[in-house]
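There are 2 protein chains.
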Amino acid sequence: MGVVKKAVIVCVGDELLAGVIVNTNAAMISDLLLTVGIPVAWTLVVGDEEDDIVDAVSRAAKDAPVVIITGGLGPTQDDKTRDAIARLLGTELVRDEEIVEDIRRRFRSFGRDMPPSNAKQADIPDGATVIPNPWGTAPGIRAGYEGSTLYAIPGVPGEARRMLTEQIIPDLGEGALIRSRVIHCVGIAESALADLFHDLATATHPRMAFLPGGGEIRLRFVAVGTTEAECIAALDEVERVVRERAGQYVYGIDTATLEAVVGDLLKEKGLTVGTAESCTAGMLASRIASVPGASNYLIGGVVAYSSEIKTSALDVPDEVLAEHGAVSEETARAMAEGARARLGCDIALAVTCVAGPGPQDGVEAGQMYLALASSGGVDVRGVRVPGDRDQVRTFATTFSLSMLRSHLQA
Amino acid sequence: MGVVKKAVIVCVGDELLAGVIVNTNAAMISDLLLTVGIPVAWTLVVGDEEDDIVDAVSRAAKDAPVVIITGGLGPTQDDKTRDAIARLLGTELVRDEEIVEDIRRRFRSFGRDMPPSNAKQADIPDGATVIPNPWGTAPGIRAGYEGSTLYAIPGVPGEARRMLTEQIIPDLGEGALIRSRVIHCVGIAESALADLFHDLATATHPRMAFLPGGGEIRLRFVAVGTTEAECIAALDEVERVVRERAGQYVYGIDTATLEAVVGDLLKEKGLTVGTAESCTAGMLASRIASVPGASNYLIGGVVAYSSEIKTSALDVPDEVLAEHGAVSEETARAMAEGARARLGCDIALAVTCVAGPGPQDGVEAGQMYLALASSGGVDVRGVRVPGDRDQVRTFATTFSLSMLRSHLQA
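Just so you know, the protein sequences line up as chains U and R, in that order. Going letter by letter, the first sequence gives residues 3 to 412 in my numbering. Going letter by letter, the second sequence gives residues 3 to 412 in my numbering.
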């Protein structure tokens, strides 16, 4: 492994210093640079003053071979990044007529004439090269300066991200590479998972992090190597170990979501699902419906917040409610059976809990009963979790989706 | 007015440079400093290295008489801000036993023993003063250095904001107090609201900001004064103006939420509510249920995702669906009527929309129909909004709650 190349980020904009805009670019750029093994040494935010930009960039170039500059490439008097780079290079700005034509075309495609001020965006310091920006009017600038490479890109977050991903990262991709993988787990407590992976958690490579939240646990692994293949091999190996020891809890990789994975399983098996919710009051159905194409398997649901609705819409017997209470194994079971019959779905999920504040009718806050009714009968699970009202409700939807996933994989 | 006093912000934390955390503190601090007339000259983010912090702070003190340092005050080995300040001052860290006792008491109040490492948070550079932190374990540090005043505060955003507002701003503004008020509006477009308040938006005091999101608009006013009464009077006056011009759109102040305000109105009138949801699939009912005590007025709801459920659970006539489609004024009306009858609630809200991707059966993404059925009949509203699947669904629930609020206030 070679010496790690570092970067410095210089963000330009009065609006950043005035607190009008939160600097999301800095985190986005840092994150993307890390994927090619380039950590950020420091980040500086300066205003729209040419002197300040010149000072910041020259300082940055002393500290790092890669300098990313965002902002100050717009068409107004305030936009000084082009002038600052020209001054650093000891050259003049030269208007690139091809770029002027590009900008004019872009305006025309929106049915507008290019305002004269936008021509300024085609001024490139002599000796620098243009980084094309098909996503906006301001092209980027690439220039060598005192042994460093300067990359200036617009401050608009969407444009900055695309230019970085498509044009700058490939340019930087030599030396140490960093690749990461997230393994999504559900249905197991964080402490139990930690016990299974003590060796991976303390290993120096790949680096592992536990990221719990909302009843799920993400395991993130970061691998460093000199080639893509080397990183991927290291990540494949830890994924193999995780699946070997805890395969039944792993529901997906990287951008997977529990609701999308469950949706795919339902589609694959040609099954439909419906819900019966008390405390979560529609949150579970809403989460299932958040996946585009959910209409292929989600029939609908009943929000049975009051006892009357549990009886009238889900046929929960009055005696069950009277004897066991609304938050009980028996009520969850009857809700799931009722939902399956009334909605005409293959599988019905039922949730009843005390979201808090509690206790409520003698049941503590955080206590939940989850039922799943299918052609094979009804499964019921009782769990108690800590947390506030919102957390308890989120946990309940996650655990319910986790039950459905286990059922579909059995 | 004298010379404008400037500030520099130094944010400390490897996690900021790794892009794991977006630096929201910088914008928050800049915003608060501006309210007492102190602009930020530049902001620097450095990692958890003592040398880097020392270098950054000494550079900052050269450029500005006020230096705000965030982060690096935790109990671990990584936390180096205390050491860096001691080095700058040329003094040693001295453990303040009173602060150790404070931290111990704080842990005890959660029923826990203080871990030994936390005692480190009571180490204060000799010659510096303590800024008390009643909101967390890490106290802040105030120190004079080379003609500047350094203020070090924790990086936890909630603690940083409170320490700045309650302890640093009064120190900087020589007794200046900052108070803010948020006025929540719904049911009006941002541009229409902006037209009504051009004078307030451009006034220098109280400073106003438009904060739109999820179909609601928050107007935030920040007042500065030497007494609490002076600030409150200025905020009362702008609130009076806002209510005079746009009273019907104002649903609450500061921590108010639309669902809680609607819940209070329902309780006050002794009315119950139920829902019939298609695209939002339970999100509306879930939002109503997020308020503790919602069982006083929320009966329940039907998630009618498929056409079959719209017919079987809500009695939407087949002809209406066939003739007008699932996303239509007529279907929304029938859903609301059906829900009111079937759920036995005083008021039923119905939502049907194309959440996207679209178009779907000839209806564009973002098109929604919202209905409200009560003893007085049915109101239906058609709206089209931009945005992705999640935004469209969130807007639909907000607009539906807004309709309910208008109805209850009529």
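Don't take each hint at face value.
[Unchecked claim] To spell it out: a stretch of chain U is covered by chain R in this simulated footprint if at least three of its residues, at any positions, have a beta carbon under 8 Å from a beta carbon of chain R; those stretches are:
1. 42 to 52
2. 124 to 134
3. 201 to 210
4. 293 to 305
5. 337 to 347
6. 363 to 373
I should point out that these hints are in silico values taken from the structure, not numbers from a laboratory. Remember, predicted model here, so these are calculated numbers, not experimental data. Built from N, CA and C at the ideal position, the CB exists for glycine as well.
Evaluation of the provided hints:
no., hint, result
1, 42 to 52, "holds (count 8)"
2, 124 to 134, "violated (count 0)"
3, 201 to 210, "violated (count 0)"
4, 293 to 305, "holds (count 9)"
5, 337 to 347, "holds (count 3)"
6, 363 to 373, "violated (count 0)"
This entry does not satisfy hints 2, 3 and 6, going by the numbered hints stated previously.
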